[in-house]
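S.K.: Position chain B against the provided structure of chain A, taking the given hints into account.
Residue strings, one per chain:
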Amino acid sequence: MAADRPWDDVLAEADGQTVDLWMYGGEEAGNAYVDDVLAPAAAELGVTLRRVPVADTGDALDRVLSERQAGVTDGEVDLVWVNGENYAAGRQAGAWLCDWALDLPNRRYTDPADPLLTDDFGVPVEGCESPWHKAQFTLVYDSARVPEPPTTLAGVLDWAQANPGRFTHPAPPDFTGSVFVRQVLTSVVGGPGEVPLEFSQEAYDEYAPALFERLATLSPALWRGGETYPQSQQELDRLFADGEVDMTMTYGPATLADLVADGTFPETTRVLTLEEGTFGNASFLALPSTSGDSAGAQVVADLALSPEQQAAKADPGTWGQFTVLDTGRLEDADRAAFEELPASPVVPPYAELSRNAQPELSADWVSPLDEGWRRSVLAP
Amino acid sequence: MALGTRLGRAALAVWLLLPLVPLVLWAAADRWTAPAVLPQAWGTAGLRDAVDSGAGTASLRSTVLGLVVAALATPLGAMAGRALAGSGVPAGGAVLAALLSPLVLPPFAVALGLDVLLLRLRVPASVGVVLLLTVAALPYTTVLMRTAYAAHDPGFEEEARTLGATARRAVLAVQLPMLAPALAGAAFLAFLVGWSDYVVTLLVGGGQLVTLPLLVASAASSVGNEAQVAVLSLGSVLPPLALLVAVGLLGRRR
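Sequence order for the protein chains is A and B.
Its first residue numbered 1, the first sequence is counted upward by one per residue in UniProt numbering.
Its first residue numbered 1, the second sequence is counted upward by one per residue in UniProt numbering.
Worth flagging that the hints you see were computed from the coordinates, not collected in a lab.
You can trust all of the hints, since none of them are fake.
Just so you have them, the derived chain B footprint on chain A, three or more residues with Cβ under 8 Å: (1) 20-34; (2) 69-76; (3) 234-243; (4) 253-265.
Listed next, the stretches of chain B that the computed footprint assigns to chain A, with coverage defined by at least 3 CB atoms under 8 Å from CB atoms of chain A: (5) 42-54; (6) 106-117; (7) 205-217.
Example chain A residues on the side facing chain B (calculated, C-beta under 7 Å, incomplete): (8) PRO53; (9) VAL54; (10) ALA55; (11) ASP59; (12) ASP62; (13) ARG63; (14) SER66.
From the three backbone atoms N, C-alpha and C, an ideal C-beta is built for every residue, glycine too.
In isolation and in its complexed conformation, chain A is listed as follows (with noise of 0.2 Å):
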């Protein structure tokens, strides 16, 4: 495929093209999103987009690298939502089309040195996949019971301290737990910008130690006297939601205002933000090397990324994920369309929630990382 071919002919070869796009289907308002606003978009463009729900998004890639080493050319995934792990598994077996995410018309309403989208967790975007939406790492709190919130990470781990089986955070390595490892690692060695985003043994080994001791100390304090840790973010907003702690962390605060309005979490939920900041990231949609239907996918991510489509998504009372678009870049009435976004009293303003943002480490962390907190903290 030619990287500078004219989106016109893109367009008429989608025309009529059906698009398997496959998410992790355990976000009903994202669900909703893309059968109710995007996938009604695309019929308009001639392409039927089609969801297909997915419990975790590796069984996706899996089916992607049968279809690779099967050398299948009209395969069944067009595109996939994806980031982090999953995408550098899959930029390692080749599983994705490169090359054309770049050239998308609506890519020029995005900041091409914003360090979000060139990096997904330390892995080369380029044009392997197309932004998405932005996300944050989030603390959350219930304002009821935690009527002072602490104001920085050290400050958290202090509270934890002070009230003892008021918190816990998933066990790596789940993908929230691992997240909050990294965060607490950040904070002990004095902030961020202190520990190399490229993984090295020698940065683990100066850095790791000083973690491992903070978080063993904290354990006897935490939820059931850190015997046990909640084994997935599911687990722990379930205490969260039955006010057995005090505290949840999430990198998706835009299912927060969903889970206030249907009760599920306490009307009193509010984000805490951290004076020092937190891990930021985007999701992508990555389109696999292996499908039929690449004009079409490229359509639908085009669409994706367009103005009116991430206004809509950006609407609380929608999806509510943040825009990957760098509003001063757009036209007018589109920037008003994002000023306008209703305000939730739950989760601040991406602009306010994101202050401060730090980029995550590269995924080369994560392991040894999880591994080790594995070794020194659960079962010393």
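M.R.: This is chain B only, laid out in the frame that chain A set:
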């Protein structure tokens, strides 16, 4: 003795049905947070979400898949079971072990490995799913039918033959009716294999066959969907339960 049996049956029924109670409560709960013993708000939000997620067509697909797997695995299992019940199969133990092997292998590994092979052979996705699930159902149908044939007295068929029935008629009019309860049991188990599968349906089916287990798994992978998950789970549990009762009644009538 009769009282003991009845008590035992009641205990068994309670043990089977008790886990369904919270499921039923969740299915009708619009809001239910601890420490409340019962939901604070009742409603049909779970049902609505389940229907919105495509539960209707998904359960239809699950039913068709289960029926096709049962229609294939039951006769195959009956034939294998009949042959293995006799002494005519050389190295019968080894053959049985081979037929049982899908039980031992992790389905995920099987699905991933065979997916590549099926794709290479250009086997259509739905055919591949049916093929793999039928093989996965064979251990159950074979073992059940082998036991049934071992307990079956071929004297009845011989009697029919001496009275002038053709071999075909002896099977259709004598053997099959006598084995009907076992066949129904085998078909039920094979149906369950197709009805409840996740990994083969998703990976080998290439996402084209969105069945009930796919919806349950994706909805259950996050918090806040409890009512929807409960409705979907009940939708997955109740039809087989009804079928089980039907099969049980068929068995009792004989």
